[in-house]
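Based on the hints, put chain B in the right spot on chain A.
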Amino acid sequence: MRRLVEKILGLIFVLSLVFLMSISYGKETVKITIWHYLNDRDKLLKTLAAQYTIKTGVRVEFQLYSGDQMGAKIRAAAQARTLPDAWTGVGLKGDLSRLAQAGNILNLTPYIKDWVSRFPENIVAQVTFTKDDGYNVEPGTYGIPLDVNNMQFLYNKDLFKKAGLDPNKPPKTWKEFIEYGKKLKEAGILPFATGFGTWAGLTMIQPYEFAYLGEEKLNAARLGKITFKEAGYERVLNLLVEMRDAGMFAPGTATMDLPTAEQMFANGQVAMIFDGSWAIGVFKMMNPNFKNYFVFFPPKDERAPYQALIPGGIGAYFVVNKDSKYIKETIEFLKWLTDVPQQAKYAKESFNLPANKNTIDPRTLGPQIAEFVKGMDKVYSYLAPFKNPRTEEILAKGMQLIILGQKTCAEVVKEMDETNK
Amino acid sequence: MRKIGDQIGSFLFVLPALAFFVTFSIYPLFKTFQLSFFQWDGMTKNMTFVGFQNYINAFRDFIWLKSLKNGVYLAILALIIMNSIAFILAVLVNLRIRCSKFYRVVFYIPPILSGIVVGFIWKWIYDPNYGILNGILDILHLSQFKRAWLSDIHTALISVSIASMWQGVGGSFILFLAGLQGIPEELYEASIVDGASFWQQFFYITIPLMSRTLMIVSILTILGAMQLLTIVIPLTNGGPGFETEVPALRIYKEAFSNYRFGYATALSVLLGIMLFIISIIQIKLRRTD
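Protein chains in written order, with our numbering: chain A, 6 to 426; chain B, 171 to 459.
One or more hints might be untrue.
[To be verified] Calculated lysine-lysine pairs in the DSSO-like style (CA-CA distance at most 30 Å, straight line): (1) LYS180/A <-> LYS167/A; (2) LYS327/A <-> LYS118/A; (3) LYS353/A <-> LYS379/A; (4) LYS236/B <-> LYS419/A; (5) LYS78/A <-> LYS201/B; (6) LYS222/A <-> LYS383/A; (7) LYS222/A <-> LYS423/B; (8) LYS215/B <-> LYS426/A; (9) LYS296/A <-> LYS188/A; (10) LYS426/A <-> LYS239/B; (11) LYS230/A <-> LYS423/B; (12) LYS296/A <-> LYS166/A; (13) LYS316/B <-> LYS327/A; (14) LYS167/A <-> LYS316/B; (15) LYS239/B <-> LYS419/A; (16) LYS167/A <-> LYS296/A; (17) LYS412/A <-> LYS180/A; (18) LYS162/A <-> LYS296/A; (19) LYS392/A <-> LYS316/B; (20) LYS236/B <-> LYS412/A; (21) LYS78/A <-> LYS426/A; (22) LYS118/A <-> LYS333/A; (23) LYS423/B <-> LYS412/A; (24) LYS78/A <-> LYS327/A.
[Stated by the list, open to error] Cβ pair distances, simulated, as ranges: (25) GLY252/A <-> LEU199/B: 38 to 44 Å; (26) PRO198/B <-> GLU184/A: 55 to 61 Å; (27) LEU69/A <-> ILE279/B: 23 to 29 Å; (28) LEU199/B <-> ASP47/A: 52 to 58 Å; (29) LYS333/A <-> ASP176/B: 55 to 61 Å; (30) ILE386/B <-> ARG64/A: 46 to 52 Å; (31) GLY252/A <-> TYR243/B: 30 to 36 Å.
[To be verified] Sample of chain A residues at the chain B side, in silico, Cβ under 7 Å: (32) ALA77; (33) ALA82; (34) GLN106; (35) ALA107; (36) GLY202; (37) THR260; (38) GLN312; (39) LEU388; (40) LYS392.
Quick caveat, the hints were computed from the structure, so don't treat them as lab data. All figures in this text were calculated on a predicted structure; none of them were measured in a lab. All residues carry an ideal CB built from backbone N, CA and C; glycine is no exception.
The following block holds chain A by itself, in its conformation from the complex (with noise of 0.2 Å):
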């Protein structure tokens, strides 16, 4: 008796295990993964794509990963071919180009020819490979913009009171910048602090960059046609020494990372960093009663004969995985993405400028955010790679000696035009 039943048992077991089976097997559900880096946005993202869910079936799941590593997993899963449907993209040209020309990102260009147009030319223009560009990637558009950004200068207003300058005025010139940030330092305050650890460092003096070589010149050392030395490069790297020997940058600047600086910022302890739109939401998230600080636009040196221009146009952007198995839905889902009602409801609760230029509406913006809207103009539209990668990172070391006093301003370009043959 016993064994019959035990044979019973087990004889449902089976049954319902391939009844099951059976299930999964003939409904195949789609579902998108897509790998980002946004950590303030997850959980708007996630909100966002069980939305999509409940409206077309599609499963979209995002998977968090950190920022500075997202790189490197992607790259590693490239060559384990294991990429997800799509993900969000990190670097520009550069690294997109690399992607491009190793088969992994599609040609986006016949998948979004019809809605492409609500997004500004500009800003689809940074991941848009053309034929005599010197990246060698077939022709077309790779990315599909969720924001825009640019990256300016922010400061506390009340420690600007403290330090008795007026809260309303920020630094216009050089001179001035230098002069607030001497008067921060005998108010006791630290006056400035970015992530010279890491990318960050190096955004700071591109708008220097800029107005000293003009972006002729810049483009042409970078892609190693002059050297660097020849275009005067070593006037923009003095800028750190005149603000190293004003006692500017906070403690540990030469090694901080931009979340760090961003922390000391909403902190209040901090009265000036350098950072980008994005950092709104950021801030939010890590201090909610911190709102009185105010953007300004990189101080104008009148030694530099050119504009300055700013970092920034496409902040995130999506690439599709050419061997995804799911490339129609992904694009769909994308595409819903980043129409209006979904990019006014990201802007509203990121605090992040939406792509899709039909949703930016300066009236409904908070001030920092309108401020950040203004400087789009400024953004400047190329940047050559260096002809070695290396050298970004000769530079960006170079920078934190020049902060330390360990290097001069010669000697760092010198090491980069070595670096950049």
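Using the frame of chain A, we list chain B on its own:
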């Protein structure tokens, strides 16, 4: 026939583990060596054979040489300071002091933490603006010693070393403790009968019988120090400048940031050969003793 059958049977049992070992150890080893002769960005299909050029470039690369120097510095500090502390702790715990079981657990917590976690913990400790180290110096009225520990070129590497040794001391401690507990009690009892003091027991019984364990711990310490990576990334990312650049970090950056995969594999081959030679020398020295 039966013997052949037994051998085939044994081979079949070993086959899965052998396949795993070949796939994940032997094949990557050969592939790494092969790639080291190519210039390759790690992404595209363009691979250019460059012969030994990557190896030649390594000997001219000031950043790589600096990273090796830093690695050796970290290894020497770990060998002397970390292992001394671990050994003393093991001897004390082996004396069956009160709460020795508790200490055994507590000392082993740091090694089981992820390197990234350890890096972030020490980053907060070292923070120049609100870290507890500078805070303690303030409390002790030693503010003149406050530093930006990780940004100062004079203190960055030693700061990284301290964080690394804090994590590593538990691993050495456990091995030393196991070694000490393997020494027969009778030897100590016999020495007491012969009138040996504590220090005589230590130098004439403990140290000689611990020589094999000391050798193993030394090899593991050097290997660990020269392959340090996950602590350095959150702490300093090799900065300021290249002051805390370590070999594994250099290999990682060349491969994944500078798109020089072929060169990175050459560096990893060189590092592997160096560590192999150091390990062989240590084993031979012990045999000579």
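Verification of the supplied hints:
Distance restraint check for LYS180/A and LYS167/A: the Cα-Cα separation of roughly 20 Å lies within the 30 Å cut-off, and the hinted pair is therefore satisfied. For the hint pairing LYS327/A with LYS118/A, the CA-to-CA distance comes to about 17 Å; that is within 30 Å, so the pair holds. For the hint linking LYS353/A to LYS379/A, the alpha-carbon distance of about 18 Å falls within 30 Å, and the restraint holds. A threshold of 30 Å between alpha carbons decides the hint, and for LYS236/B with LYS419/A the separation of about 19 Å falls inside it, so the pair holds.
Restraint check for LYS78/A and LYS201/B: satisfied, since their Cα atoms lie roughly 20 Å apart, inside the 30 Å limit. Distance restraint check for LYS222/A and LYS383/A: the Cα-Cα separation of roughly 18 Å lies within the 30 Å cut-off, and the hinted pair is therefore satisfied. The suggested pairing of LYS222/A with LYS423/B holds, with an alpha-carbon distance near 28 Å, which does not exceed 30 Å. Of the pairs offered as hints, the one joining LYS215/B and LYS426/A holds, with about 23 Å between alpha carbons and a cut-off of 30 Å not exceeded.
The hinted pair formed by LYS296/A and LYS188/A meets the criterion: a straight-line CA distance of about 23 Å does not exceed 30 Å. A hinted pair counts as satisfied when its Cα atoms are at most 30 Å apart, and LYS426/A with LYS239/B qualifies at roughly 26 Å. Between LYS230/A and LYS423/B, the direct Cα distance comes to roughly 26 Å. Compliance with the 30 Å bound is thereby established for this hinted pair. Straight-line distance between C-alpha atoms of LYS296/A and LYS166/A comes to about 15 Å, which keeps the hinted pair within the 30 Å bound.
The suggested pairing of LYS316/B with LYS327/A is violated, with an alpha-carbon distance near 53 Å, which exceeds 30 Å. Under the criterion of a C-alpha separation no larger than 30 Å, the hint pairing LYS167/A with LYS316/B is consistent with the structure, at around 26 Å. Taken as a hint, the LYS239/B and LYS419/A pair is honoured in the structure, with Cα atoms around 23 Å apart against an allowance of 30 Å. In summary, the hint linking LYS167/A to LYS296/A is supported, as the alpha carbons are separated by about 16 Å, within the 30 Å threshold.
Restraint check for LYS412/A and LYS180/A: satisfied, since their Cα atoms lie roughly 24 Å apart, inside the 30 Å limit. Between LYS162/A and LYS296/A the CA atoms are separated by roughly 9 Å; this keeps the pair inside 30 Å, and the hint holds. The straight-line distance between the Cα atoms of LYS392/A and LYS316/B is roughly 41 Å, outside the 30 Å bound, and the hint therefore fails. A distance of roughly 16 Å separates the Cα atoms of LYS236/B and LYS412/A; the hinted pair therefore holds under the 30 Å criterion.
Taken as a hint, the LYS78/A and LYS426/A pair is honoured in the structure, with Cα atoms around 28 Å apart against an allowance of 30 Å. Of the pairs offered as hints, the one joining LYS118/A and LYS333/A holds, with about 14 Å between alpha carbons and a cut-off of 30 Å not exceeded. In summary, the hint linking LYS423/B to LYS412/A is supported, as the alpha carbons are separated by about 22 Å, within the 30 Å threshold. Proximity of LYS78/A to LYS327/A is assessed by CA-CA distance (about 17 Å); at most 30 Å being required, the pair is judged to hold.
In this structure the hint that GLY252/A and LEU199/B lie 38 to 44 Å apart at CB is violated, the actual value being about 52 Å. For PRO198/B paired with GLU184/A, a C-beta distance near 58 Å keeps the hint of 55 to 61 Å intact. Taken as a hint, the range 23 to 29 Å holds for the pair LEU69/A and ILE279/B, whose Cβ atoms sit roughly 28 Å apart. Taken as a hint, the range 52 to 58 Å is violated for the pair LEU199/B and ASP47/A, whose Cβ atoms sit roughly 39 Å apart.
For the pair LYS333/A and ASP176/B, the supplied restraint of 55 to 61 Å holds, since their beta-carbon distance comes to about 58 Å. The beta-carbon spacing between ILE386/B and ARG64/A, approximately 51 Å, falls within the hinted interval of 46 to 52 Å. Our hint of 30 to 36 Å for GLY252/A and TYR243/B holds, since their Cβ atoms are close to 32 Å apart. Checking ALA77/A against chain B by beta carbon gives a least distance of about 4 Å; that is within 7 Å, so the hint holds.
Look at ALA82/A: its Cβ only gets to about 11 Å from chain B, farther than 7 Å, so that hint breaks. For GLN106/A, the suggested interface contact is upheld, since its CB lies about 4 Å from the closest CB of chain B, less than 7 Å. Interface restraint check: ALA107/A against chain B, minimum CB-CB distance 4 Å, threshold 7 Å, status holds. Because the smallest distance between the Cβ of GLY202/A and any Cβ of chain B comes to about 6 Å, under 7 Å, the interface hint for this residue holds.
Annotation: interface hint on THR260/A holds; nearest CB of chain B at approximately 4 Å, less than 7 Å. Taking 7 Å as the C-beta cut-off, the interface hint given for GLN312/A is violated, the closest approach to chain B being about 31 Å. Here the hint on LEU388/A is broken, as its CB sits about 18 Å from the closest CB of chain B, past 7 Å. The beta carbon of LYS392/A comes no nearer than 12 Å to any beta carbon in chain B, farther than 7 Å, and the hint placing it at the interface is violated.
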